[in-house]
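Given chain A's structure and the hints, the job is docking chain B onto it.
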Amino acid sequence: MKITFVKKIQLDGNFCKKCKEVQDKINAADQNQFIDQVIIADERDPSSPGMVLAALYSADRAPFFIVEKEGRSPKVYTVYFKFVKEVLGQKITEEDQLKEILNDNPDLDFL
Amino acid sequence: MSDQILPIVDIDLQLSGQAPEEIMAYALSKFKNIAISFSGAEDVVLIDMAHKISPGKVQIFSLDTGRLHPETYRFFEKVRDHYSVKIDIVFPDTMALNNLVREKGLFSFYKDDHKECCGIRKIGPLRSKLLTLDAWITGQRRDQSPGTRSAIPVIQDDMAFSRPQEKLVKFNPLANWTSQQVWAYIRQNNLPYNELHDKGFVSIGCEPCTRPTGPGQHEREGRWWWEEATAKECGLHEVNTKK
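Chains A and B are the protein sequences, given in the same order. First residue of the first sequence? That's 24 in this note's numbering, and the numbers climb one at a time after it. First residue of the second sequence? That's 963 in this note's numbering, and the numbers climb one at a time after it.
Simulated from the structure, these hints should not be mistaken for laboratory data. Predicted model only: the values in this text are computed from it and were never measured. Where is the CB? At the ideal position from N, CA and C, for every residue including glycine. Since no wrong hints were added, every one of them can be taken at face value.
A partial selection of chain A residues facing chain B, derived with a Cβ cut-off under 8 angstroms:
no., residue
1, Ser-81
2, Val-102
3, Lys-122
Result set (DSS-like, lysine-lysine): computed pairs, CA atoms no more than 25 angstroms apart in a straight line:
no., chain 1, residue 1, chain 2, residue 2
4, B, Lys-1129, A, Lys-114
5, A, Lys-108, B, Lys-1129
6, A, Lys-92, B, Lys-1129
7, B, Lys-1091, A, Lys-108
8, A, Lys-108, B, Lys-1077
9, B, Lys-1091, A, Lys-98
10, B, Lys-1077, A, Lys-122
11, A, Lys-122, B, Lys-1073
12, A, Lys-98, A, Lys-25
13, A, Lys-98, B, Lys-994
14, A, Lys-122, B, Lys-1129
15, A, Lys-122, A, Lys-30
16, A, Lys-25, B, Lys-1129
17, B, Lys-1019, B, Lys-992
18, B, Lys-1077, A, Lys-40
19, B, Lys-1129, A, Lys-98
20, B, Lys-992, A, Lys-98
21, B, Lys-1077, A, Lys-43
22, A, Lys-48, B, Lys-1077
23, A, Lys-108, A, Lys-92
24, B, Lys-1091, A, Lys-122
25, A, Lys-48, A, Lys-25
26, B, Lys-1091, A, Lys-114
27, A, Lys-30, A, Lys-43
Isolated chain A, as found in the complex (with noise of 0.2 angstroms):
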């Protein structure tokens, strides 16, 4: 299995806030060793490997993992703790995934 994480660099240079938020939580629960590659999709430049990589599956959202499997299509994940979740199989609260999901999709609580 191979994963990778995409971050993203806004137009004014600094990461977005939520790839920071995801990232101190990566540090704080040691899960940099389960990550085979860090790629920047830098807003800047639209040929940056990142935005390639965001084209290519189709992630409108930053940070995203993909999870590539041997065998199997890649996946990808834009909710950091369904990341976790399906993928590291680690226990997450319902309450943390459900927020987040609503706070990456605001559009939602139109429903």
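Okay, now just chain B, sitting in the frame of chain A:
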């Protein structure tokens, strides 16, 4: 699920120029295990379109948060009768809701924000329902929310709610329509509608979090008006993520 692997971005490019009825027809032709998410508002248009294509055969579900207006509950019944359809009403997890109300009361969203409550009453049940589907259809439109939502595609790979190692496809047939076009359709086709619209409500959600809006106000101003609008900054700009 359809045995065809969908190149979502390419299909979005093709479908985005088509009418909502054509997008609906495409969605229903590609997926058998597909359902319409009906909020009890003007997205009744979706049910009407699906009914004309495949009468009585399309799954419909609604999220009952327990805090909806009586008018909305009556509207669910009106739609059920009008189209002779079953509506799968989905409820929040009892334990999670009980914990929230016991710890924070019935109006915590006025003190914190609405997300914890929405998470339990709406997003949790929605996720449970979507885990049973291969595709779903919403009434989301670009004009519903200024700013970040201006890029809602008509079809998308729903990465938030998909099952492990599987895809979930989300259709937004009304993405390109304005509120005026939706209401023109409702009037021209004499569709039933939620009586709250006659009382000045444009966007309809839970009773404590929805209020009527005045002329010139955006419909978003009728929801969670006590919260400050916050800029969303983690989207990857559409123009850069298109193939």
